[in-house]
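Position 545 of the sequence shown, counted from 1, bears residue number 545 in the working numbering, the numbering being contiguous throughout.
Honestly, the hints are just simulated from the structure, not real lab data.
Possibly wrong hints are sitting among the right ones.
[Said to hold, decoys possible] Result set (SDA-like, lysine to any residue): computed pairs, CA atoms no more than 25 Å apart in a straight line:
(1) K483 to L558
(2) K566 to Q552
(3) K566 to E529
(4) K317 to T359
(5) K225 to A211
(6) K87 to G203
(7) K566 to E599
(8) K483 to A367
(9) K483 to K306
(10) K317 to V300
(11) K306 to A261
(12) K432 to V453
(13) K483 to P498
(14) K306 to T270
(15) K376 to R444
(16) K376 to R387
(17) K483 to Q440
(18) K483 to G600
(19) K317 to M280
(20) K566 to P579
(21) K376 to R354
(22) K306 to Q337
(23) K483 to D298
(24) K566 to D576
(25) K439 to V453
(26) K92 to G177
(27) K566 to S492
(28) K415 to R345
(29) K566 to L437
[To be verified] Listed next, with one range per pair, are the computed distances between beta-carbon atoms:
(30) G443 to S476: 21 to 29 Å
(31) R390 to R436: 22 to 30 Å
(32) P151 to E176: 20 to 28 Å
(33) R390 to E560: 29 to 37 Å
(34) G443 to P309: 24 to 32 Å
Quick reminder that beta carbons are idealized off the backbone N, C-alpha and C, glycines included.
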Amino acid sequence: MGRGGPHDRGILPGGDHHARGSQSSGWAKSSASPFPWGIAAAIEHGRLCAGDRLPYSPPGAARPRPEAGSRQQEPSIQVHGNTSGLKARQVKALERLGRRSLGADRIVTNELARSLTELSAEIRRQVGVLVDRAGSVQHVMVGSRSGTELPDWGRLRAGRGRLRGLRLLHTHLADEGLTRDDLTDLALLRLDAVVSIAALADGLPGLAHAASLCPANDEGRQTEKLPPRHPAEFDFDFSIWIRDLENELARTTATQDVGDAERAILVSVTAGRDRDTLEMHVEELRELARAAGVQVVDIVTQSRPKVDPRTVIGSGKLSDLVIRCFQSDIDLVIFDQDMTPAQARNLSERMELRVIDRTQLILDIFAQRASTGDGKLQVELAQLRYRMPRLAQRAELSLSRLAGGIGGRGPGETKLESDRRRVRDRITRLEKEVGRLTKQREGRRRRRGRRGVPVLSIVGYTNAGKSTLLRALTQSDVHVEDKMFATLDPVSRRLRFPREREVIITDTVGFIRDLPEDLVAAFHATLEELRDASLLLHVVDAASPDIDRRIQAVHEVLGELGFDQKPELLVFNQIDRMPEHESAALARRYQAIPISALEGRGLRELLTRAEELLWDDEDLRPGEEERFLDLAALNR
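With these hints in hand, go ahead and build the complete structure from the sequences.
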């Protein structure tokens, strides 16, 4: 309740205009706001009093009001929510709320608060209104005893650091203050403010609690809760307050280094994984984002036994995530978990941002990296296979070719059906093209087999240094980059050994854990190059903290392709990034060849062992071993 006197009954002399011009009686002067747009700071600068007026253009055109004396009837607003069981006069009373106006300078008035609480106490349900910047009621809602469902009003208005231009005023039958649902609505919908008003048993308004979003700050605060007061005591100028808040939001987002890269937040859920595994997965996701040219601004993780079936993360964490995205001017949210079409749609609708999963990120990287016609063909096929089930599951009426209903039915198809048909047709054409590509590659492999030239295929986890090794062995100008999936299209070179022996050495696309099935299927023609491999050089990043998992991931992909029985030579690369005794111990443990493709260390031992496995003959003759020292000069 209030501090005493008439406040205890929710009755204040003067109605809506009580204490409007007083700067000393409001709650704001005693509150300490850490932001320059805070109420206390505004009052200290003499900018916040009842007499202030600002020229203001609301975000949407206000409903027309009839002129004085006009007989024009005010358009009624539809009441959203649970109206079942209400009397006709109660529904009329709810509709009359839609014709109320409290002015641009008041966040809430005692008169409107009392109208809300009287109705709420009578029907024993929460009642709420959404008010625009001009002070006009735009939506009226009625809910249950414990909650109110807000209407769907479409996408957010454009503009960095901009709020929706609506504030939510609603009742609580119990004076519990702002609930988690209130703060979730504030975050997910980017409301100007949310105000809960206690509806007392006699219908009078009790204490009101208000909150707004915060700009980015060092304390990590996401919302600012204003001190609870009677509705009549919120006597600051709301139009100035919301203007200062949006200015500060725009300022903090404008000072962030955006550049050309998209700004993203990464999200991962433990879902039964231990913390170390989660951290490794997040770090890998960060590297994937870097490879895609995305600027990672923040990382959000959540520990829970399994993912939420609707939104992957819980509702509370989702609310926090939305606020972080708003504060940091985020363009994109990337989830480590693969999402179902329904999860992706739910998250995108609630966050009003682009939301993708790890598979979609990998597909985007492949699309960027594809440089040959064959590669682009296979990437497009993988993308279409991924997107096909993610087309909207039902078409909106406005998107239909024929609207349906009386006078509208016909033999036409909805836009959804048309889109799906076009995608299916394109997939069919691409599959035929990939089939043709497979036959061409088979022909090349047969011709190569007739010449009897062994094939040495380099495989391994992405960014393990496979292309660097190929470049070091052949002294060729193979593209090398410290990014995941820098190599997408297969590259082949000749490598000459002593005794006039030579092999074809090929570099293939890197593997990764949980490689998307659509990607494996689409790139089957490319990966078929491994079928004729005489020996697999399995390159592993020796400095990686999860060697076992990466080796296992490569073996799983090889097993899916049916190549797990191929002879394999394990090669530990990048030993230049670790002490020599550690690399030697690792090599002994895994029976691998330690090398540094960047520095050329260990290449002679690697080639010696490869020759033994390829030809399985006697040791080199005297003098032939030294020829490995100048092997690069012999390569073509």
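Structure-based check of all given hints:
{"no.": "1", "hint": "K483 to L558", "in the structure": "holds (22 Å)"}
{"no.": "2", "hint": "K566 to Q552", "in the structure": "holds (15 Å)"}
{"no.": "3", "hint": "K566 to E529", "in the structure": "holds (13 Å)"}
{"no.": "4", "hint": "K317 to T359", "in the structure": "holds (22 Å)"}
{"no.": "5", "hint": "K225 to A211", "in the structure": "holds (4 Å)"}
{"no.": "6", "hint": "K87 to G203", "in the structure": "holds (18 Å)"}
{"no.": "7", "hint": "K566 to E599", "in the structure": "violated (29 Å)"}
{"no.": "8", "hint": "K483 to A367", "in the structure": "holds (15 Å)"}
{"no.": "9", "hint": "K483 to K306", "in the structure": "violated (31 Å)"}
{"no.": "10", "hint": "K317 to V300", "in the structure": "holds (9 Å)"}
{"no.": "11", "hint": "K306 to A261", "in the structure": "violated (32 Å)"}
{"no.": "12", "hint": "K432 to V453", "in the structure": "violated (30 Å)"}
{"no.": "13", "hint": "K483 to P498", "in the structure": "violated (34 Å)"}
{"no.": "14", "hint": "K306 to T270", "in the structure": "holds (8 Å)"}
{"no.": "15", "hint": "K376 to R444", "in the structure": "holds (20 Å)"}
{"no.": "16", "hint": "K376 to R387", "in the structure": "holds (16 Å)"}
{"no.": "17", "hint": "K483 to Q440", "in the structure": "violated (30 Å)"}
{"no.": "18", "hint": "K483 to G600", "in the structure": "holds (20 Å)"}
{"no.": "19", "hint": "K317 to M280", "in the structure": "holds (21 Å)"}
{"no.": "20", "hint": "K566 to P579", "in the structure": "violated (32 Å)"}
{"no.": "21", "hint": "K376 to R354", "in the structure": "holds (24 Å)"}
{"no.": "22", "hint": "K306 to Q337", "in the structure": "holds (11 Å)"}
{"no.": "23", "hint": "K483 to D298", "in the structure": "holds (20 Å)"}
{"no.": "24", "hint": "K566 to D576", "in the structure": "violated (29 Å)"}
{"no.": "25", "hint": "K439 to V453", "in the structure": "holds (20 Å)"}
{"no.": "26", "hint": "K92 to G177", "in the structure": "violated (28 Å)"}
{"no.": "27", "hint": "K566 to S492", "in the structure": "holds (19 Å)"}
{"no.": "28", "hint": "K415 to R345", "in the structure": "holds (18 Å)"}
{"no.": "29", "hint": "K566 to L437", "in the structure": "holds (24 Å)"}
{"no.": "30", "hint": "G443 to S476: 21 to 29 Å", "in the structure": "holds (25 Å)"}
{"no.": "31", "hint": "R390 to R436: 22 to 30 Å", "in the structure": "holds (28 Å)"}
{"no.": "32", "hint": "P151 to E176: 20 to 28 Å", "in the structure": "holds (24 Å)"}
{"no.": "33", "hint": "R390 to E560: 29 to 37 Å", "in the structure": "violated (23 Å)"}
{"no.": "34", "hint": "G443 to P309: 24 to 32 Å", "in the structure": "violated (48 Å)"}
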